[in-house]
Amino acid sequence: MLCNVHLTRNLNMTNADSFHVKRHARRMRESDEYRSSYKQSVREVAQIDDLMQQLDAARVRLGMSKADLAREIGKNPQVVRRLFSAETRNPELKTIAAIANALGGRVRVEFPDAISQ
Amino acid sequence: MEPWGIVFFQDADGTIPGDEFMTSCPDRVEAKIVAVLDAVAAAPPPSFSGGGFWEAMHGDMGGMYEIRVPGPRRNLYRLFCILDRHPPGLDGSVVAVITGMVKRERTTFTSREYRTVKKLGDAYLASAPRSIAT
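Those protein sequence lines, which keep their order, are chains A and B. The first sequence begins at 289 in this note's numbering and counts up by one. The second sequence begins at 10 in this note's numbering and counts up by one.
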């Protein structure tokens, strides 16, 4: 049941996000497509985020500022700042590859053994 | 960093615009939106890079964030959110789902539509304790 918290007590966090938790649990039960898409999307989002985190960690280890990195790849410093601060979406693969290259790395895709052999 | 909660804004008339929007989305789109929401809440910005679907809004919509997921028939589904740090009435910080809209790719919302989103966001931020679905 829904109620308006204009009229209710202060909520702790467990109660606060229970609507989302219950909603998601119900949808996972109701829809096969929702369930399979959710699992796939979680992996997809995590992969992109992990890639960006790895690049940023390498930048920090090398002592490069975001402005330094932007100069290396010939981009506006704002482009790099936004890439690492969730202010942009869908980063272009060529930008990712340029950043990896500037940091002395490379982008590669790995497959489980069963697929790569 | 502590994970954040995810809350849905509930309007004064009892409606929950974010829930209504998500319910209207195709299952695949809805699932992706929820996956992004969960990722943001698990590692809020700046820890979370966005995963390719999360973006800060600018200009008149500054202070809001959106999740953009392409769907069938070249439609783009957009969910509008607010990162609410230590809101009144809650123990921790939350990603607040305000509302959502769908548009054809390569088209833009009207300023009236954006004003509607902004108005709902302002109503959420003006509520103390926060007006959320429970």
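Since the hints were made in silico from the structure, they are not lab data. Honestly, I wouldn't trust all of these hints.
To be verified - DEER-style ranges, computed between Cβ atoms:
id : chain 1 : residue 1 : chain 2 : residue 2 : range
1  : B       : D100      : A       : A313      : 39 to 49 Å
2  : B       : D69       : A       : N364      : 31 to 41 Å
3  : A       : K310      : B       : A135      : 44 to 54 Å
4  : B       : S33       : A       : Q328      : 16 to 26 Å
5  : B       : G23       : A       : V397      : 23 to 33 Å
6  : B       : R94       : A       : R369      : 12 to 22 Å
7  : B       : S33       : A       : P365      : 32 to 42 Å
8  : A       : D338      : B       : T24       : 31 to 41 Å
9  : A       : R359      : B       : A21       : 46 to 56 Å
Backbone N, C-alpha and C fix where the C-beta goes; we use that ideal spot for every residue, glycine too.
Results for each hint:
Judged by the Cβ atoms, the range 39 to 49 Å given for D100(B) and A313(A) is violated: they are separated by roughly 22 Å. Under the hint 31 to 41 Å, the C-beta atoms of D69(B) and N364(A), about 23 Å apart, miss the expected range. Checked against the given bound of 44 to 54 Å, the beta carbons of K310(A) and A135(B), roughly 26 Å apart, lie outside it. Between S33(B) and Q328(A) the Cβ separation comes to about 21 Å, which falls inside the hinted range of 16 to 26 Å.
In this structure the hint that G23(B) and V397(A) lie 23 to 33 Å apart at CB is violated, the actual value being about 48 Å. Our hint of 12 to 22 Å for R94(B) and R369(A) holds, since their Cβ atoms are close to 21 Å apart. About 40 Å separates the C-beta atoms of S33(B) and P365(A), a value consistent with the hinted range of 32 to 42 Å. Range check, D338(A) to T24(B): about 37 Å between beta-carbon atoms, so the 31 to 41 Å window is met.
For the pair R359(A) and A21(B), the beta carbons lie near 51 Å from each other, so the given range of 46 to 56 Å is met.
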